[in-house]
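Based on these hints, arrange chain B on the given structure of chain A.
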Amino acid sequence: MTLRRALSTRRGHRVTSQSVSFQFDGREYTAQAGDTVASALLAHGVRLFGRSVKYRRPRGVFAAGPEEPNALLTVGTQPCVIPNVSAPQLAITPQLITRSQNRWPSLRVDLHALLQAGSGFLGAGFYYKTFMWPSWRTYETMIRHLAGLGEAPGAADIAPPHVEYVSCDVLVGGAGAAGLAAALAAARAGARVVVCEREPQAGGELEFETATIDEQSATEWVSSALAELARAGARVLYHTAIVGGSDGLVIAHAEPGGGAKDNTVYRIRPQKFVMAMGAVERGIAFVDNDRPGVMLLGAAERYLARYGVAVGKELVLFGNHDRLYASAQRLHAAGMRIRAIIDTRGDVSAVTIGLRARLTGMGVECLGGHAVAEVHGAHGVRRICVVDLQAPGTKIFIECDALLVSGGWTPMLQAALHDGGQREFAAQAGGFVANAQPEWRTAVGACAGTFELSVLLTESFRAAAQLSQSVGAMGVVGRAPVGRGDTAPQLQAFWRSACTRAQEKRQFVDLQNDVTVADLRLALSEGFVDIEHIKRYTTLGIGTEQGRTGGLLGAAIVAELKGEPLSRVGVSRTRPPYQPMTLSSLAGLNQGDALRVTRRTPLHAWNQANGAVFEPAEYWLRTRYYRANGTDAFTAGIQEATQVRAHGGILDGSTLGKIEIAGADAAAFLDRLYLTKASTMKVGRSKYMVNLREDGMVLDDGIVLRLAPNRFLATTGSGHAEHMLSHFEHYRALEWSHRQVAITNLTEAWAVIVVAGPESRAALIRVLGEAWHARLSGLTHMDFSVSRWNGQTLRVLRASFSGELAFELHCQHGIAVPLWEALVAAGLQPYGLEALDILRVEKGYLVSSEMNGEATPQDLGMDGLVNLGNECVGRAMLGRPAFAEPQRPRLVGLRACDGKSVIQGGAQITLTTTDTHALGHVSSSVYSPALGQWIALAFVARDRAAPGTVLVARDPLRGTDVDVVVTSPVHVDSSSERMKA
Amino acid sequence: MMRLTCPFCGARELHEFQFHKTAPEPGANPFAAVYERVNRTDISQEYWQHLHGCRAWLYVSRNPSTGEVYQVHLLGTQS
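Residue numbers (our numbering), protein chains in the order written: chain A, 1 to 981; chain B, 1 to 79.
Excised from the complex, chain A in its bound form (with noise of 0.2 Å):
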């Protein structure tokens, strides 16, 4: 095989002859340090890069950006595999391994490609209106095995970006030759700059051009700028490219040598922004325009230019503007051979008539006003139809193997659309540019439709400069660069080549989505006429290609059809990112631990160490049961439970929420919280209180401690604290501004456990020491008492969440392992959540499951609490004639009626098994090992609600209907005989 490279008479600026090889499709090639996959592989003369993701057409390179439509590749092995990287922008690496996509078994052989070769070409929406019968499910699985573009990675294996933070006083968008104008000008006038480059190089087009600037050569002009740049301390991005961003964010997204192993992700907030991003050349639609070998005409000067890769032998060059000429001369000089030019235009300028002349004296055969009609050669471009537009019978054959084609330069104006910034059609750019902007920046050069380096240089220079004095920066800039050599490309807009009606399906206009404009046609005969609904049903311009290269051209063809100026079609808006980025780039570090806290207790350690088996509540993880104490959850829990109602256990309760109020307007602030009073409460006892929404529904319930008299503790759910905290806040700044009320956190300053049963009270006397003894016996239900116990602060309260005589120690930290050791060895058994759903649900008590922001106080019971008449947030509302009808669900308790069967949590109420008219659901459940049976908790409508009612808990999902009777929510020790005890 020839190197492609041995063609060229250029060296290359972005190579060393430092040798390097990688993998593609299993096969070893070399290439030199610098090269990227598709620069190496076109060395080497590889054509093909992949198939189309419909079609399965083979495919080639086509660009020399993040605007490849075609060569995308898989980098990796599966399970660790990143789909869809652009071959141009892939940096090779050691150890490169890289794979073509959408084929099967092989690149050359795809057995899709193949069937298809049968059925022809499948139209717009061709699967779903074909694939109905029974339904689009049976075949969906098969389908969607056929479609999407690369595969997915089996599992994660990218690190976290990093992320960076940066502000700046001007921002710019792209370092080609408007983008450095504009730093200069910002950057002489003393603004803090900031530039952002996609390549790896600053210059863009200038990369290649042979014009003058500031009297030096082009690439010159680009070191000076850059070194003038940094003497400023300008910082220049290289590798990284504006992505997205809105509201004066700007997102820039860094991927050296692409394939996202070492990516950066910045957040810029600039004062200005100017965008200078450019423009992407697009290609023009003939027949078989897909074939491996055609390409854009920049992307082969750029593979010259950087890497001495001759992307043919034989080349032709097609196209719609001047710039043709001079390029054929570069290649030519390049030592590549031009067969001929073909340009669209027939009335030319007299420079152009000269540059044809020149041309045509090198051996460069200049068909003016003809244009190509079809390419020849599955694999590989191998000949081409021309036709002259004037007499399109005349067909003309040349033989090449590369077709290099321009249709001009769409402006990128993804940044330009964020936040309300508009676009309007410029007829010399052929398609739409930049227009009005938010205030705070600006589009210039290519963006803005300028072309001509003369006029984009003094245009982007004076607007950084007007920009920069806005932001105080006012130094002298001087005056603007000075361009020479280069004028405007004289484009004449050409979209597509004629054909006929059946050859439309090979005409292709999105190279990415396989769109064609037959696509294009059958989309506007059924209907859709809007540029964004026939995006959607013909995909033109989705994936990573975003409509760079196919999406003007898709419009431009869809104004042709529709017989409308393609001002009035418009193009179909662009989403970020500009160019594909992982999902980890997207997180940033809101990933892995750091995507949430998770909050440990003082107990942890020892929870862990003595067999916990632990569950996240909200942040924290609690023990959900002991292993010692049952083969799983169900058994356990059972245990621990029945353990505590026959002697003792120990919970830890760390996580309970604990807020302190504190102040001269504490306790009048309560009032107005809670719907019980606190005022009334004398200090050393404790409430149960419930909180409301201000819709009236309950948000809350916990117990209150009145520790002195302007000093409460209000304690909320475990996990609630967080949103309690603000709750009290928002009311505290709304009404409560101009008094005294404290609000403090203290959650996590408090150790709590729990100790309850029968013979808590004994072994807690033991533990604490006769010092305690009094003091333990005299405390009556919700009283509570402080002293201090191994020199630390323990609050003892009296209250209980299980039914049993049960006591809550709040202690601080330093205390927590030793006295939940001692009350270990005093004969109490640690228990978990499980025995604690079992306890509560059996002594009918609350937690989020009931409390589930869809029951009032009423529909929970507590009307006593509601008579007592306090004035509360939310209290106005509970007087809805609503939440007073029959059908409103209230809780009850549940248990089957033949005393055996489950009770499913989540079950729905009805009359009968065949009624699917729900009453209510349930809403916890347990099998109550003091009952020996399930018992539940349910919201059943009050005319349904007595107890004895018999109804059926039905659970389709589970296939169980269980008949159920109604009873007391209380379902074990009704009238808190051993609670109080």
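Misleading hints may appear alongside valid ones.
[Unchecked claim] Interface residues of chain B toward chain A, partial, derived using beta-carbon atoms under 10 Å:
1. T5
2. F8
3. L14
4. Q18
5. S61
6. S65
7. G76
No lab work stands behind these hints, which were simulated from the structure alone. No experiment lies behind these values; they were computed from the predicted model shown. Here a beta-carbon is modelled for each residue, glycine too, at the ideal position from N, C-alpha and C.
Then chain B, alone, in the frame of chain A:
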């Protein structure tokens, strides 16, 4: 990303704040205050908390169509 200027902390990014709800119209009856929320596109009066900052509760007026923030002040300091 939207920024709000906290009276204590200065301009901070959106993710430091938590939106609570749109503020009821002044003098609205309890039912209207809870249920009859206006949904204006030109100006929206909202309650926010600088939750991952100084925890101040804020009253924010902004334009939901353009993202422009007109005013941020401490809740309770101004009627």
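I'd like to know which numbered hints this structure contradicts. Please list them from smallest to largest.
Result: hints 1, 2, 5 break, sorted rising.
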